[in-house]
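Engineer: One-letter residues, chain by chain:
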Amino acid sequence: MADSTYPIPGAVEAPSRRWSQAAVLEWLNSWVTTVDHKKLGILYIVYAIFFLLVGGAEAIAIRIQLIQPNMHFLSPQVFNRIFTMHGTTMVFLFGMTYIFGFANYLIPLMIGARDMAFPRLNALSFWLTFFGGILLYYSFIGGGGLYGAGNAPDVMWWAYAPLTERAFSPGHAPDYWALSLIVTGFGTIGASINVISTAFCMRCKGMTLMRLPLLVWVMTVASGLALITITPLTAAQVMLLIDRYLGGHFFDTQAGGSAMIWAHFFWIFGHPEVYVLVLPAFAIANEVIPVFSRKAMFGYPAVVASSVAIAFVSLGVWAHHMFTIGMTSVGNAFFVLSTELVGIPTAIKIFNWLATMWGGKIRFATPMLFCTAFVIQFLLAGLTGIILSIAPWNWQLHNSYFVIAHFHYILVGAIAFCIFGGIYYWYPKVTGRMLSEKLGKWHFWLFVIGFHITFDVMHIPGILGMPRSIYTYEADRGWGTLNMIVSIGGIIQAIAVLIFAWNLISSYFKGKIAGNDPWDAWTLEWSTPSPPPVYNFATDPVVTSRRPLWDLKHPDDPDWHYE
Amino acid sequence: MSTVAVTQAEMEQPWVQPSKGRVAMFCLIIAESAIFTIFVVAYVYNIGKSLYGPTPQQVLEVPIFNSICLLSSSLTIWLAERAIERNQVKNFGLWWAVTFILGAIFLVGTGVEWHKLIYEDGLTISTNLFGTTFYSLVGLHASHVIIGLCMLMVVLLFTITGHVREEHAERIQVLALYWHFVDAVWIVVFTVVYILGR
Ligand code: HEM
Ligand SMILES: [Cu+2]
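Protein chains in written order, with the UniProt record's numbering: chain A, 1 to 563; chain B, 1 to 198.
This is chain A alone, in the form it adopts within the complex:
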């Protein structure tokens, strides 16, 4: 049905899986020089998953160190460095790149375009990001401690001044941190500009802004937010480098500079950043949940509006990370209230997902399992966020493991879950083969169980007063058993991720052939063969509603009747 309307040039060859030396070089060359949005999307995703594994290994090292009191697995120095690398890797090398992986691969296909607006800028952005990642890990070369980790940055991902000034951090560790993030930051700016221009200027005929697939809308909002949040960080890092290399005094309290201004600049970036990371996760859920509930997404305009509202409000709440810095009570009140305000658009989103599932014919295939767990976990994490944003409670809980539990509940429980769901959902389109459902179920259940063991329990040592960022603790505090449980949960999650990695590789060679539209979905990408040919569409598609494939499959009852 779909084929007759959007004819494809010739037959697409079945993906070949055999290798010779010349073929390998040819293959490598085709990836390094590519400007095709699909290949760049895949590169971004592979890069993100690679750093997910690296950051995960660092997390396991941290959890082994904390598994019982007085451990000596890592020295305090190396612990700080691993800790820094974990946070930096996960936020910048994994979090900021999965977004552009999905966006690059999917947006042109979903809006019926042949490529992104600026293919070369696209390649440049990826390689900037790539070299930024290399630069960060290049700091390992030079040896010392756990396979070179003794030279890595040790400033934590928030790099509070003046501890990052020359006087307190001699050597080059903070320079690696700042420079590599400036480079990846430029990559992010380029990629965001590309996403926004593509969504606004490359739509196929009939694809009005109110018919854009929700993924495209939300990715665009996230890219816009990335544009105005990554740049303050870049500016602050330039100031830090001016201080470190040119003898400047921005954060030098001895010369009248201010350490607090770093905290402000960092969190002006840092808070919206968490929404840059989570909005694309919403975007994935917005595509998966309707298809597996067999209903159109409930309240399309509300989904768009609440995404924009979240982006706006998140720009005005940064100082809820700074209640303990000592602000005026007016300042406290302002940031408490503005933070609570985020709850409104967030609640709208949760109602949209629930209403979409309500009364639907839900199929719990692996993508849907992940997205369902996401909705529940996101709700719970929002609640701990509300607790933290009440200033007096924050004074108790700040810099404790409660905070760590809160944000991992979202970063893992929402973002990682949606990414997994998204990969199970689109893998057939990208490779032409299905991921194994059996391994997928193993992955899902082990991961949910490990996740809840780790992060549900982690709130308790936080309430009992265990500070974050400590490399070990005394036995008499009563945190030992809890930490043991947390670490075991972490290891279960790691096993689940390894199953997932195995699934990705083995299904690539042996998975079930997918066909064009294995999930019986509605958006344009499923009208192309799997994997799609280089130019995506032989003839430019024309759409008349939000669910173009539904219209094709159900000519008797098309969507545009209702719009």
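These are calculated hints, taken from the structure and not from any lab test. Incorrect hints may have been included.
In silico SDA-like cross-links for lysine to any residue, where the CA-CA straight-line distance does not exceed 25 Å [as the list claims (entries may be wrong)]: (1) B:Lys20 - A:Val308; (2) A:Lys441 - A:Ile49; (3) B:Lys20 - A:Asp540; (4) B:Lys49 - B:Gly139; (5) B:Lys49 - A:Ile261; (6) B:Lys49 - A:Ala263; (7) B:Lys20 - A:Cys204; (8) A:Lys553 - A:Ala263; (9) B:Lys20 - A:Ile376.
Part of the chain B face toward chain A, derived, beta carbon under 10 Å [stated by the list, open to error]: (10) Ser19; (11) Thr37; (12) Thr191; (13) Val192.
Keep in mind that this is a model prediction, so the values were computed, not measured. Virtual Cβ for every residue (Gly too), placed ideally from N, Cα, C.
Position chain B with the ligands against the provided structure of chain A, taking the given hints into account.
Structural biologist: Same frame as chain A, now just chain B with the ligands:
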């Protein structure tokens, strides 16, 4: 049935979307504005916080001539835009060259100012907090002028070799947008550094 008719009519309308060059440049400008905002905030926040001299009152002179040159270059580049739209390539080249010269004068002026500050007043980026914030903010703007001048120069070379025609109007306007932005930022920097800061 009426819905079908409506959709049919909709199909026949021409399908227009915004120009991607312009959208991209607007995005870049938004990102750049965020960078400038942070530097401006750092400047304003630190006014008068230097523990030792020289102070802005002692050493800064208001660069009136410079600012007039830079701001009038926004006008000349606009005249250039108008000219290329109407396919008057000669006029375009002329206004474009004037823009370039005005920008270059501004840059030279900044150089002269910095030379005086460094060699006569002994103010460098590491002297005190004022030096740090001053050179960072004004330097950030100057580096944008340099990038702009490079791009103006490329277009100028293309014009002289006869490669610029009416069909390039759109790209040239996108570039001009950047130049207007650099000028607009100067108004902010000027106000903050030479008026509020003194
Ligand atoms: C209703 C929504 C939310 C509220 C009210 C909220 C509130 C807060 C507050 C008050 C803190 C500061 C805790 C402290 O350091 O004392 C915090 C920390 C944090 N939150 Fe949230 N949050 C919310 C949603 C999110 C989301 C969606 C994410 C991620 C996608 C997130 C990620 C983080 C992170 C990473 C930190 C810790 C930063 C650090 O200190 O390293 N939060 N949250
Ligand atoms: Cu926050």
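Engineer: Give a verdict on every hint.
Structural biologist: Hint check results:
1. Of the pairs offered as hints, the one joining lysine 20 of chain B and valine 308 of chain A holds, with about 21 Å between alpha carbons and a cut-off of 25 Å not exceeded.
2. Of the supplied pair hints, the one linking lysine 441 of chain A and isoleucine 49 of chain A holds, its CA atoms being roughly 19 Å apart against a limit of 25 Å.
3. A threshold of 25 Å between alpha carbons decides the hint, and for lysine 20 of chain B with aspartate 540 of chain A the separation of about 18 Å falls inside it, so the pair holds.
4. For the proposed pair lysine 49 of chain B and glycine 139 of chain B, the alpha carbon gap of about 20 Å is at most 25 Å, so the pair holds.
5. Distance check on the hinted pair: lysine 49 of chain B and isoleucine 261 of chain A sit about 13 Å apart at the alpha-carbon level, within 25 Å; holds.
6. A C-alpha spacing of about 18 Å is found between lysine 49 of chain B and alanine 263 of chain A, which places the hinted pair at or below 25 Å, so the restraint holds.
7. Pair hint lysine 20 of chain B plus cysteine 204 of chain A holds up; C-alpha atoms about 14 Å apart against a cutoff of 25 Å.
8. The hinted pair formed by lysine 553 of chain A and alanine 263 of chain A fails the criterion: a straight-line CA distance of about 54 Å is larger than 25 Å.
9. Taken as a hint, the lysine 20 of chain B and isoleucine 376 of chain A pair is broken in the structure, with Cα atoms around 39 Å apart against an allowance of 25 Å.
10. Of the supplied interface hints, the one on serine 19 of chain B holds, with its beta-carbon coming within about 7 Å of a beta-carbon of chain A, less than 10 Å.
11. For threonine 37 of chain B, the shortest C-beta to C-beta distance to chain A is roughly 8 Å, which falls under 10 Å, so the interface hint holds.
12. Interface restraint check: threonine 191 of chain B against chain A, minimum CB-CB distance 19 Å, threshold 10 Å, status violated.
13. Using the Cβ-Cβ criterion of 10 Å, the hint placing valine 192 of chain B at the interface with chain A is not satisfied: the shortest such distance is roughly 15 Å.
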